[in-house]
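> Each chain is listed here by its residues.
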Amino acid sequence: MVFGFPILSTLIWLPIIGGALILFLGRDRDSFAKWTALWVSIATFLASLTLWTSFDSSTASMQFVEKSMWIDQFNIYYYLGVDGLSMPLILLTTFTQILVIASAWDVIKERVEQYMGAFMIMQGLMIGVFAALDSILFYVFWEAMLVPMFIVIGKWGGKDRVYATLKFFLYTFFGSVFMLVAFIYLYFQSGSFSILDFHAMPLPLMAQIFIFLAFLIAFAVKVPMFPVHTWLPDAHVQAPTAGSVVLAAIMLKMGGYGFVRFSLPITPDASMTLDWLVIALSLIAIFYIGLVAMAQSDMKKLVAYSSIAHMGFVTIGMFLVYDIVQTTGSAQGAKMGMEGAMIQMISHGFISGAMFLMIGVLYDRMHTREISSYGGVVNVMPWFGFFAVLFSMANAGLPGTSGFVGEFMVILAAFKANVWYGLIAATTLIVGAAYTLWMVKRVYLGPVANEQVAKLQDLNRREFVIMATLAVAVVLLGVYPAPLIEVMHSSVANLLIQATTSKL
Amino acid sequence: MNFVIPSFLPAIPEIALLTLTSIILVADTIWSKRHEFATYYATQFALFIVGMLLLSNFATEQTLTFSGSFVRDSFGDILKLFIILISMGIFMFSREYLLQAKFYRGEFFTLGLFGILGMLVMVSAHNFIILYLGLEIMSLAIYTLVAMRKSNGKALEASLKYFVLGALATGMLLYGISMLYGATATIQFDEMAKVIASGSADDVVLSFGVVFVVIGLAFKLGTVPFHMWVPDVYEGAPTAVTLYMGTAAKIAAFAMLYRVLVEALPGLVADWQALIIIITILSLIVGAVITLVQENLKRLLAYSGIAHIGFLLLGMIAANPGGYSAAMIYVIVYAITALAAFGMIIALARTSSEFDMIADFKGMNKRNSWLALMMLFVMFSMAGIPPFIGFYAKVLVIEEVVQAGFTWLAILAVVTAVISAFYYLRVVKVMYFDEPDDSTPIEPVSRQLKWAVSFISALLLILGLMPSSLITLCYNSLA
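Quick note, the sequences are listed as chains H and W, same order. Residue numbering for the first sequence follows the working numbering, beginning at 338 and increasing consecutively. Residue numbering for the second sequence follows the working numbering, beginning at 59 and increasing consecutively.
Just so you know, the hints here were simulated from the structure itself, not pulled from any lab data. These numbers come from a predicted model, not from an experiment. One or more hints might be untrue.
In silico DSSO-like pairs for lysine-lysine, Cα to Cα no more than 30 Å straight-line [stated by the list, open to error]: (1) K424/W - K496/H; (2) K420/W - K446/H; (3) K504/H - K212/W; (4) K446/H - K424/W; (5) K496/H - K508/W.
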């Protein structure tokens, strides 16, 4: 904590209070709503930078800890803290938020204050998810987040928005209630709801397996993993651009974060017993969902499916550890897989966010997402074409972009664990390139397809700044990922020890 | 034979309420011609006085009086206090409703007060006769209230249904009580518990008695399979009376359940626990599934109320003080939430429309975004989504039931909670995502109701952010 200042609480409550203010005072005062949202987001981002600057990367223990009694009858604390696993995700959230607010600037015309308010409140809740160290507090943030997202998709979404948003809500809610029961069970074993106490507590194998499965349902829906991924394409296609960005860039990461914060440290033996399940589902996601992506005619759907495939790398990278320990005898080799998974999360946050923003730019002008309605866009929108190709390359995992680093690390680790895993995972280099580049060809390259395309305006200044910021982030992370790896180094090492130490 | 004058002190709130109600009853006939709202204000004043009397002498330990037939303890006092507070809200909403529906009468309030008297007696009952007395005072008042709108066929049908089925339930309850009395030769709760514990009572007769008593209680609570009257009565009754039945009366019914099962029949826990488990499972499932197809908001709330009672009973299944406390919190939270939900309907009802169809809420966000937000709070609280208080109520009962070793029941409960979420979300969907048929702005009938609805709905969020005091209060009362 910097001079005893409750920085994490500030990051959570500043946007929530800002959002509430916008909601109550912003009626029919659109520019007030927009500017307040933007300034509060920027302030939150700047405040979150202090997390980075005063972060001690030599330790795996929790930092910036705040702890006070919340519900004393049940030993529930308002308990916050971050380590190397959660801190980068908080920065990703605050960073993405600014782009999200900016992206909606001229696009949203109806009930701007509700839109901005919902996104601001959502931001605070998402930071809360990453910062909570008490499982009930975690659950409160995790569930509360669904409320604004439900409204955002349902109100500002596309034609089938109601179906999509109900599906999104009910899938996620269904997944998480099992997690709640698991928390309650763990509470009776440990006498506290603190996540760190859960980490330290021994558990018999049978209990671990049930808890692992409960967590798996919750996080698999969120990631999402095959076969509970079907809500995602619907939600993405129907959500407004900013909603898609938040979904892809941040909400999906919560599933991955859940695995490293809960599944692996709390139920290491069950994770070892059932790692084949996660690995199999991840490989299916990588290969099969990749093929599904190729068959899409809607750009947003294509990117949504590619998100599922990319998140497959996150989950497989996390669960390779047991096979690597078995084949090489040390957990050291697994570090690459785990760090790859974490980097993939951050990188996917940038890339998927960028991809959805690109589609949003096109959609705002043409009001269609069909690939076949486009062609030769680069001829009329050169700047846009430049960024689009850059982000698409990153999505395909081109070296020098952030997309390459995480995937490459995970593939290397996969080869170490089992050649077949490595081979299947590596198919993404072909499949991923195929669907992405094929879309690039059909949408951006070639002759100008029709008159509407010919009339397209290139990026305006606002859009240019958004794209350029993301481009810098993608390239920077691609060529120089060392600072990020360094931040998470100790925490990953600690996580591997927890994951490979039996709790029986 | 010497006669000892009993201590009246523990029963002062009830005595005061009876006295004041009687005065109001007489006075109403005199002043109602000249001052339209005199009875209403007198009613609120009477409730205020009773609430103050309760608070001024808040029970910290158990006191018995009237030869052990009447009990005053902190469990009862907390519930009574909430009954009083919620009733004050009910009457506030009712007055506007009655004015809009054009059958404003003083009797509504005096009958309501008698009902509340019955509730307070139920909460404090410590033998079966007093319990029955309280139950009947309450029920008779409600039967009459349901039928008050004489010209409305639906209301009359509802009233008749309620009366016949209510009488049947009372018959069951009395039959069960008589068996218990036959087996134990006492109607006093604590003595009955002692006799049962001593093992001298006939097991078969006791088991029969428990079955009938539980059926009678289940009827009154409106649980499956004794729930058929609930939706019809809720829908047919004037909304003000539905509000009354769905909130304050539920608290009293819970108190009755607790007094009978826990104070009189703790020795038969294995018997009633099994019965309650069956009732709970059915209530949770029926409450979740049948609600999905409701188009009338009052009916929806009636069916969802069945599911909520199922959740409440989970706490009873745990069969320990923690479980009872969780159930107690559940019923209080449910009553507050239902007050907000029915209050919302009343605040929007006009002479021309009852505003009780889900479709009436179409495009609410466009017509009055503040009320839409408040209704969103209510719906998400009912669905058990944090950070609203409904979430904690659900978590606590699930927690207790897991601790008692019924993890499978907890899983069933959370799955039904997910199903239930759908119909609450549907209301939110209608308000936020649908276009209104009539896009003129809509305001509550009065400024006072707007504040009341806003306050109660906001309370759901505030309590959700700071649930500690309510939880501690209830847990300590049964510790």
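> Can you confirm whether the C-alpha distance between K446/H and K424/W stays at or below 30 Å?
Cα-Cα ~14 Å, so holds.
> For a C-alpha distance cap of 30 Å, please report whether K496/H and K508/W respect it.
violated, 34 Å
> For K420/W and K446/H, compute the direct alpha-carbon distance and say whether it is at most 30 Å.
holds, 21 Å
> Verify the proposed pairing of K504/H with K212/W, using a straight-line Cα cut of 30 Å.
It is violated: about 37 Å lies between the C-alpha atoms, which goes past 30 Å.
> Under the criterion that the straight-line Cα-Cα distance not exceed 30 Å, is the pair K424/W, K496/H satisfied?
holds, 19 Å
Violation of the numbered hints given earlier is confined to hints 3 and 5; the remaining hints are satisfied by the structure.
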